[in-house]
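These protein sequence lines map, in sequence, to chains A and B.
Here my numbering is used: position 177 in the first sequence is 177, and no number is missing along the way.
Here my numbering is used: position 64 in the second sequence is 810, and no number is missing along the way.
Calculated from the structure, these hints are not laboratory results.
Since the structure is predicted, the reported quantities are computational estimates derived from the model, not experimental observations.
Check before you lean on any hint, since a few could be wrong.
Unchecked claim - Cross-link-like lysine to any residue pairs, in silico, SDA-like; alpha carbons within 20 Å at most:
#, chain 1, residue 1, chain 2, residue 2
1, B, Lys796, A, Thr335
2, B, Lys924, A, Thr335
3, A, Lys89, B, Ala825
4, A, Lys709, A, Arg695
5, A, Lys68, B, Gly869
6, A, Lys339, B, Pro812
7, B, Lys865, A, Gly86
8, A, Lys333, B, Glu777
9, A, Lys328, A, Leu449
10, A, Lys339, B, Gly869
11, B, Lys783, A, Ile321
12, B, Lys865, A, Ile321
As the list claims (entries may be wrong) - Partial chain A-side listing against chain B, Cβ under 7 Å, derived:
#, residue
13, Asn77
14, Ile90
15, Arg242
16, Lys595
Glycine residues also receive a C-beta, built at the ideal position from the N, C-alpha and C atoms.
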Amino acid sequence: MNLRYSLPASEQNAFNALNEEMIYCIPYDLSDIGLLVSDCYAIATNESIVLIKGQQIIRRIAYTECEKVKCEALVYNGAFIAIINGEEKILFQFSMTYFIQFSYFARGVDLQISGDNVVLDSKEPERICPKCHRALPGTRSCIHCGVKGRFFRRLGSMIKPTWKSFLLMTIFILISSGLMLATRYVEREFIDSVLIPRKGGLTDVIRFFVTVLVMNLGALGLGITKNRMSVRLGSLISKNLREQVYKKIQDLSLQFISNRSPGELMNRIQNDTSIIRNFMEVGFANMFNTMIFMFGALILMSIMNWKLTLIAVSAMPFIVIVSIVSRKTFKNKFTAQWKLADRANNQIQDVLSGIRVVKAFGKEKTEVEKFKEINLKLAKTQSRNEKFWSTFNPAISFMLGISSLFVLYFGGVNVLNGTFTIGELGQFMSYAGMLLGPLSWITMLPRLLVQTITSIERIYDVLDEENDVKDNERPVQVDIKGNVVFDKVYFGYKSYEPVLEDISFDVKAGEMIGIVGASGAGKSTLINLLIRLYDADSGNIYIDGVNIKDLDTKSFHSKIGVVLQETFLFSGSILENIRYAVPNSTFEEVINAAKVANAHDFITKFPDGYNSRVGEKGLNLSGGERQRIAIARAILINPRILILDEATSSLDTETEFQIQEAIYRLTSGRTTFAIAHRLSTLRKSDRILVIDQHRIAEMGTHNELLKRKGLYYDLVTAQLKMNKVDNTKVKDIKEIKGLITENVTA
Amino acid sequence: MTTDEQDYQQILQEQLDKVNTMFEIKKITSENSTFTKTDGGFLSFKFEDKTYTRVVIYRSFPFTDPNRFLSIRDTTTQANELGMIDSLEEWPDDIKKMIQEQLRMRYFSPIVKEIIDVKEEYGYAYWSIISDRGPLKFTASIWSPIARISDIRFLITDIDGNRYEIPDFSKLSHKEQKMIDLFI
């Protein structure tokens with residue numbers, strides 16, 4: 001998105017008078033009394049924020065005057081607020097149209113205020129084309145005012161692998177069209193030379209019959225071949241595209257994927273490629289075919305009788321208009337009906353899903369009444385549409401056909417006064433049919449083309465995307481020992497909203513680090529940076545002294561183990577899931593890993609043992625069982641660095657204990673980062689990292705932090721208190737206090 | 747009572763206090779509170795011996811009852827409720843005006859007064875209307891859900907996330923109704 005709009009001339013002049021350097025410039029569209037305006041701009045310079053309205057500077061706030069700025073979300077609009085002398089002052093408001101841009105603006109200004117000269121860049125795509133103001137359907141460039149050359153290049157690269165078949169198909173189309181046009185000529189000859197003058201006998205009839213039969217068979221054969229070729233081509237092209245897009249999505253970083261919803265990405269792999277395939281199979285071949293047909297017919301008609309041709313051609317605009325109007329009318333009526341049907345369906349689904357609630361509150365009658373209403377509306381619309389369509393449709397067909405009558409009339413006149421033979425008239429009428437017939441279909445082409453071009457654009461939007469998290473020129477493959485250093489790391493999923501600020505720490509190989517903090521504080525984000533799913537906005541991360549950006553990502557990932565809160569098991573067998581990262585491991589290795597994870601027992605008790613299917617259509621495993629399989633999966637890798645995100649769900653004590661044991665065995669000797677929720681895990685940690693307000697608030701051993709009586713102390717004692725109050729007895733209080741004092745003195 | 751017993755009682759009391767505040771709704775009236783407009787354009791608030799440099803006013807029923815049951819909340823991240831105004835109508839004019847101005851600033855939802863044109867192209871509808879906030883144009887996807895507050899009251903969301911209200915569909919001219927029938 002644009003963060004630097006260009007000012008119109010007079011505003012630019014007014015700004016230039018200040019002699020400051022413009023860094024960001026974004027228009028805002030709400031006045032102070034809530035009216036929509038279009039002459040206001042907010043500019044951030046290297047020294048101040050400048051507001052322009054009505055071609056004049058109405059306010060200037062120097063950075064030295066304000067401590068901080070923020071972009072606050074109100075209800076369907078936003079406010080830009082500056083904190084001056086400790087007080088919040090609202091500077092201006094804007095609609096949702098500029099919300100994201102002002103979020104960046106605020107962050108950018110904050111950076112300037114703190115003396116940091118970083119200029120932010122927004123990677124979000126625009127929603128409207130700045131040139132033609134049409135909506136952009138998830139593409140970065142507008143297909144209507146985009147570069148035409150680029151489109152053809154892309155088309156070219158799609159077709160290139162299959163160009164020979166393409167060429168062949170084109171030749172077939174030409175030949176078969178030629179044949180179809182030629183049969184008419186043969187017919188004319190037969191009518192004029194044989195039938196009318198009654199010259200000739202059975203042999204002539206047979207000769208004519210055979211000639212036309214052969215030509216038709218030829219055209220048929222070519223037609224079938226052409227169809228099969230185009231279908232194969234379509235499948236091939238779309239298969240290539242699907243593969244490319246799928247692979248690209250895997251390769252691209254999480255940043256790209258998290259900017260788009262998974263549904264959208266799936267759409268591009270499936271929908272958009274199928275639209276292109278459809279076009280290749282049906283649209284393209286037919287389009288080409290039809291064009292040649294029409295063109296050929298037109299030329300032949302003009303050669304035969306140009307006056308009559310003119311009459312036929314003059315009917316064309318009429319047919320085009322009628323087709324377009326009738327299609328639009330039909331679509332409008334049908335869409336309205338479809339939406340009503342959708343509403344009725346939603347209501348049915350709603351009530352049936354919540355039938356227990358409906359019955360429990362005795363609301364059956366109300367629901368029936370509600371449904372009756374919409375059902376009636378739907379029925380009325382449906383019958384009205386059907387009536388309309390049954391009258392309309394034949395009328396349209398008639399109107400489309402009427403043009404041929406005109407040609408017939410004038411042609412007939414010509415035959416009667418000798419300028420045309422009957423055979424010629426027949427031939428001409430056939431050609432006229434070939435010219436006018438496909439017109440209706442042709443009018444559908446623009447929409448089909450736009451749809452296809454949009455799909456191509458959306459697919460190349462993914463294929464052209466550069467991976468943010470790229471491997472360096474010559475990535476280093478390191479045998480990881482497990483030293484991890486974070487050096488002044490800053491990161492935000494969106495660069496205007498930092499999630500982690502100024503994170504620095506030094507972890508030695510084999511240390512176990514517990515990470516605590518309020519939910520949403522940034523613990524999972526730290527993990528994401530550590531395993532390089534995202535790259536830090538600024539600062540560096542070092543693994544064994546090597547910058548993480550210099551490591552070969554794939555090799556790095558194969559040496560770290562991750563056990564997350566939500567265990568994702570793929571649809572497959574337990575064996576496949578445990579072996580996921582190391583597919584070549586032997587059965588013995590898998591069983592060993594499962595034993596260490598305390599999973600071997602319950603797995604072998606299943607009737608299918610390790611071959612039991614899990615995932616969507618398989619066994620429903622309990623939370624504890626899934627966790628232990630995930631641990632086995634991690635153990636199998638034998639990682640030097642282990643990431644653990646503890647589940648907070650309460651399991652029965654026995655499973656709890658088992659999991660704790662499994663985790664303990666897993667962590668020994670490995671550098672472990674554990675987002676810890678259990679006190680026992682924290683107590684086993686060598687050091688603890690407390691994250692608060694995007695920063696490291698405290699770091700030290702369990703005892704050191706308790707002694708400090710800071711955040712960690714509060715977190716621990718609060719948890720204890722909350723757990724114990726409901727059935728607290730005095731004895732328990734002693735126990736709690738004892739736990740604390742014991743640690744402090746130990 | 748031993749010190750352990752005291753600790754127990756203290757913890758219990760803290761929890762009970764929390765529970766009590768959960769159930770209570772504090773009534774704010776023009777008599778027991780003071781609202782003042784700040785230089786920064788916000789409202790400061792004095793209530794029960796506490797002063798808040800800025801409070802935010804939330805409508806509980808923005809559509810059905812925009813001036814009743816206003817929740818006054820602080821500016822912490824939890825946005826704790828400090829109390830509720832039952833009905834704004836009963837308040838003196840000058841304070842009523844201040845509060846309504848704050849509400850107008852916070853809630854932005856242009857009301858469609860007149861529909862000039864709606865054009866559909868390739869899956870998007872391009873609207874041109876005159877609203878109570880001035881003339882404007884917006885783009886909405888034809889598949890974006892229209893919120894139906896009632897049978898005749900609709901909310902349309904455009905591609906940027908702005909929302910527009912049609913207060914009474916039946917009051918629109920027949921021509922206007924036909925224009926937007928497709929999207930409703």
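Consistency of the hints with the structure:
Distance restraint check for B:Lys796 and A:Thr335: the Cα-Cα separation of roughly 58 Å exceeds the 20 Å cut-off, and the hinted pair is therefore not satisfied. Of the supplied pair hints, the one linking B:Lys924 and A:Thr335 holds, its CA atoms being roughly 13 Å apart against a limit of 20 Å. Simply put, A:Lys89 and B:Ala825 have alpha-carbon atoms about 19 Å apart, close enough for the 20 Å limit, and the pair holds. For a cut-off of 20 Å, the pair hint linking A:Lys709 to A:Arg695 stands: about 18 Å separates their Cα positions.
Simply put, A:Lys68 and B:Gly869 have alpha-carbon atoms about 42 Å apart, too far for the 20 Å limit, and the pair is violated. In summary, the hint linking A:Lys339 to B:Pro812 is not supported, as the alpha carbons are separated by about 31 Å, beyond the 20 Å threshold. Simply put, B:Lys865 and A:Gly86 have alpha-carbon atoms about 49 Å apart, too far for the 20 Å limit, and the pair is violated. Straight-line distance between C-alpha atoms of A:Lys333 and B:Glu777 comes to about 59 Å, which puts the hinted pair past the 20 Å bound.
Taking the CA atoms of A:Lys328 and A:Leu449, the gap is about 17 Å. The hint holds against a cut of 20 Å. Using a Cα cut-off of 20 Å, the hinted pair A:Lys339 and B:Gly869 holds, with the two alpha carbons roughly 15 Å apart. Between B:Lys783 and A:Ile321, the direct Cα distance comes to roughly 62 Å. Violation of the 20 Å bound is thereby established for this hinted pair. For a cut-off of 20 Å, the pair hint linking B:Lys865 to A:Ile321 stands: about 18 Å separates their Cα positions.
Because the closest C-beta pair between A:Asn77 and chain B is about 4 Å apart, less than 7 Å, the hint holds. A distance limit of 7 Å between C-beta atoms decides the matter here; for A:Ile90 the minimum to chain B is near 4 Å, and the interface restraint holds. Hint status for A:Arg242 relative to chain B: violated, with the closest Cβ pair at about 23 Å, above 7 Å. This hint is violated: A:Lys595 has a C-beta 43 Å from the nearest C-beta of chain B, more than the 7 Å allowed.
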